[in-house]
Amino acid sequence: MTTRRTFLATLLAASTAPALSWADAGNPAYLGAARDRDGGHALYGLDAAGARIFRIPLPARGHAAAAHPDAPEAVAFARRPGTFALVIDCARGRVAHRLEAPAGRHFYGHGAFVAAGDVLCTTENEIDTGEGRIGLWSRREGYARIGEIRSHGIGPHDILRMDGDVLAVANGGIRTHPDTGREKLNIDTMRPSLAWITPDGDLLDAVVLAPDLHRNSIRHLAQAPDGTVAFAMQWQGEPGDAVPLLGLARRGHEPVLLAAELGEQMAMQGYAGSVAFSGDGRSVAITSPRGGRLHRFDVATGAVTPYRRGDVCGLAPAPGGFTATDGLGGIVAVGRDVAPLAAHDGLSWDNHLVAIGA
Amino acid sequence: MRAVLTLCLCLATPLAAGVPEAVRDHALPAADRFARAADALAASAEADCTAEALRPAWNEAFDAWLGLAHLRFGPLETESRALTLGFWPDTRGMIPRTLVGLAADGDAAVDDPAAFAEVSIAARGFFGMEQVLYGPDAGYGHDSYACRLAVAQARDIDRMAAGIAADWQDHAALLTSAGAADNDTYLSTREARQAFYTALVTGIAFTADQRLGLPLGSYDDPRPERAEARRSARSLRNAVLSLEALRDLARTLAPGPIPDTDAAFDAALGTASRIDSADLSSVADPARRLRVEQLAQEVRAIGEAAANEIGVPLGVSAGFNASDGD
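Going line by line, the protein sequences match chains E and C.
First residue of the first sequence? That's 1 in UniProt numbering, and the numbers climb one at a time after it.
First residue of the second sequence? That's 1 in UniProt numbering, and the numbers climb one at a time after it.
Just chain C, same shape as in the assembly:
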């Protein structure tokens, strides 16, 4: 009897466990929400392209992007969309340099969406736009080049968001038919599970190591100037919204209850709520830095819990070759 029961329990976790749920309840709603917010951003820019008028819609669209940005496969990888929308970290200062170059040339690509889509990815997406809306020249007028640039950036984000939402409809079918004879993208159901799981653990690591790790630097050499979206004081918000999106993914992907992972997310989000530094500049204050360090550790702990509670039952782990490095 026991043997029969064990068999039934195994069969109760179908091979596609979690993938249909993650598609239906996580990815598709996030893509739709981002498309709507990006549409509103473009409409806002067309109505009034000055920085002050545009900032609310830009922030709303950025919030929506963070609900989706961790799904770095399929539609987000087409045409380098994820890197274009989220060109960060900009380790070589390409964003200001590219934008200064466009303005100096009076580059007419800003007046033609097709031409602007070919402009360097450093000038486009949320971080290029942040430089325009929050940079040193954010006081630009209605008739300025910067205003036309902001419209071009907003429309370009809208164009990519619409493309992502449309592509996700097709990609949903590929993910849920993984292993079918005519599916050339996902050769097995494990590949579909692996795509979501990799997005989950990579997203967790990105927030710990980049969003928090870059400004943290070391105790003797904190680097607050490296914080993500520092000009718009979104650094902490981005980490929080990303964690909330990752928690949503974890819950939809998991084949069963995930108490340790939930507790790890709760601990991290609780710590984040007690950090009173929107741009994470507190990393340079020895007394307040500890809380950001604690947050980074707690975010890493989420990854360990998720590996046990989600990776193991799904039969997937971090990339075999990606994590080898030789």
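Extracted from the complex, chain E is given alone in its bound form:
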């Protein structure tokens, strides 16, 4: 006999098969959130040349999106300290699920898929203690909350899936409380880290900065094909202090910090907004919207090439280098030079550009 439970299960199976792929959403190369001319917000799918493939309205300004590896789904996070995230069905152009942070938790703005896309990991704050958490959500069960693990630090922000479902987590080190918005509560004692964590929550390894750099909040991450993690930082001291804002790390090795010469480094104003490796993994770059700068480093030599672009922030790999977006609607290719790809006049691209399948 058909019970209600099996009926529902059959229905669920029918509705999820055949599985949709990113091709059903027009094969976007990138996802980017933007503010529209009229002040509304939307998630855009873009092709490799920066042209629009789809536009899906969002209810508010987001921070970053996590793209599912196969299915045309993106999770858009509210700006911190946000308590909701939206799973966007990019093929049908609608919100498929709404994730609410559990009581006593809020999202920090990034997420990553593991278990072949079955489990979404989200960076979160345990508000009472300020301890970082990684929330676990089951896609198969309609993005139900299935558990959480420690982030082994305070203020986890960006998160990456590494080989073997190891998680790399940027513990920014800054404690905040929703009652005080983005106010930083522990600048004097902050101790950011880059942690490698198993899906069970065990700490495998961590990078901690030298004491004189303890105010350098490790915030965003990128991964090279060989597993090297690039971490971008935001300095909580004087903006002109010209400290390094980019590091390269491998498990079991001392991190390498990269910086430009004094004038260019000062121009970054102590702030890196996004980080990415180039498509070939030979270069790594960071953006500073405050400085209107993109700094590209040769991974092998550390040699830096600075580029200028007003309010530039979003950054993702491209076959010949990088694709970058800015607050004025521009999308540029960063190869030997900066070359315009597209000008979406009236749009303001938000912090991050997400490469599909990266």
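Be aware that a few hints might be false.
Just some of the chain C residues that point at chain E, by a computed CB distance under 8 Å [unchecked claim]:
1. 91
2. 187
3. 191
4. 195
5. 262
6. 324
Keep in mind that the hints were calculated from the coordinates and are not lab data.
Note that the Cβ used here is the ideal one computed from N, Cα and C, for glycine as well.
Mind docking chain C on chain E? Use the hints.
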């Protein structure tokens, strides 16, 4: 009829509104004036490099620099020119340390302009030179290393000023052709408007938060030693000249009348004229500090007025990502 009239009013504000005016009437004259003043500074140094002889030309050149220093994009960003010419605040004491190092080594870079251009930016520009002309060793003689250093600094400022003026000729064409198919720098007219508007609001914030905010510190912990160009007693003058330059930019950039912004500039400049402390050391005097606090508040109010009267009609605002911080 009303609909037609509205349409006409919209079209009367062309998409490039303000940018050609800001280029022609503000940026290019300021770059030329600075180049001439820097040229005179180099000539003065070559004639007599002692501190007392050089100070007038250095002050004139610094005045001219403040007419341009807020345009922190394009030509001023090439080769870190703006940070080199205006290496302030020097939070880590790099200027005295670098200059002491050069003198201790007797570094011959001071005799070769190309080599001196490669010296740390902390040793160059107006603040490196201020340390030489107004620092503890300003009584140096004609045959001293300090004299050669002052000549090198003056020539280096002149070289950068000439480069800025030349580059501004090219940059003017880029700004006024924003959005053209062959323009790889400004992809839309909004980007050109945004460049000037960002310079305006960033300049206002810099004067409020840094030039005034750093020495103000807090009531319980005033920091007069942090004032800009304190040794040469230019701290207040720099704030005033910068405000006057920003007012000039605001007026040329605005697509229409800006009564609130003008009134805000008038209020701030009026308050500044009543501050009797050239180096802003009055921030440490509880009775006189209030006026500097008032000035800082009035400068911030300029930014609010400009956002309404200039940013809104130009369709631009503070940097979307630059002001987010996440």
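Comparing the hints with the structure gives:
1. Here the hint on residue 91 (chain C) is kept, as its CB sits about 5 Å from the closest CB of chain E, short of 8 Å.
2. Of the supplied interface hints, the one on residue 187 (chain C) holds, with its beta-carbon coming within about 4 Å of a beta-carbon of chain E, less than 8 Å.
3. Against a cut-off of 8 Å between C-beta atoms, the interface hint on residue 191 (chain C) holds, since the closest Cβ of chain E lies about 5 Å away.
4. The beta carbon of residue 195 (chain C) comes within 6 Å of a beta carbon in chain E, closer than 8 Å, and the hint placing it at the interface holds.
5. Evaluation of the residue 262 (chain C) hint against chain E yields a violated restraint, the C-beta minimum of about 27 Å exceeding 8 Å.
6. Against a cut-off of 8 Å between C-beta atoms, the interface hint on residue 324 (chain C) holds, since the closest Cβ of chain E lies about 6 Å away.
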